[in-house]
Amino acid sequence: MNQILQKKALKALRNIVFRTQVVGITTSGAVALCGQIEDGDAVSPLNAISHIAYGDEAYSEREISVKYTGTGVALNQVAVTSWVLLYELLFGRARSRGEKGTALLGGVFVAGLAYLIDYHAVPERLKPGFEKHLMPRSLLFIYATLALALSVGGKSR
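Per this note's numbering, residue 129 is the first one in the sequence shown, and the count goes up by one each step.
It is possible that some hints are incorrect.
[As the list claims (entries may be wrong)] DSSO-like cross-link-like pairs, simulated, lysine-lysine; straight-line CA separation at most 30 Å:
1. Lys-139 with Lys-228
2. Lys-136 with Lys-195
3. Lys-255 with Lys-195
4. Lys-228 with Lys-135
5. Lys-136 with Lys-228
Just so you know, these hints were derived from the structure itself, not from any lab.
Please construct the entire structure, taking both the sequences and the accompanying hints into account.
Okay, structure coming up:
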């Protein structure tokens, strides 16, 4: 019985790691795409996320770098991990059963919660930062992308 639980726990952990990578890459891509469309600059919105670590100087960084871009993407991955965990806890079973409506509503719920926390519950220093480079409609696109990325996938791996 203990081995069965260990196998299930390992499978769940692999699923979380895989889904976190997919959702993180997808949302980072959405941030970069919005920056490219709005300003011809895909990097600055990603760099802006690193303001959490490096302060306001991150907002003006326009070049790709390990310091700013790498940190921004890494911080996004950390944040996404919490949203994937919450989604899997509340709606993962519906997604794995192929209940598309419930899975999508779950994605919308978690993405909406992410937006509320990101912009209305945390201090300025912990906000994503990409909003300094993007228009409000881009935030809608980014959080909608988060909702979809959380909810797709059908059967769990």
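**Request:** Of all the hints given earlier, name the ones this structure violates by number, lowest first.
**Result:** Violated hint: only 2; rest satisfied.
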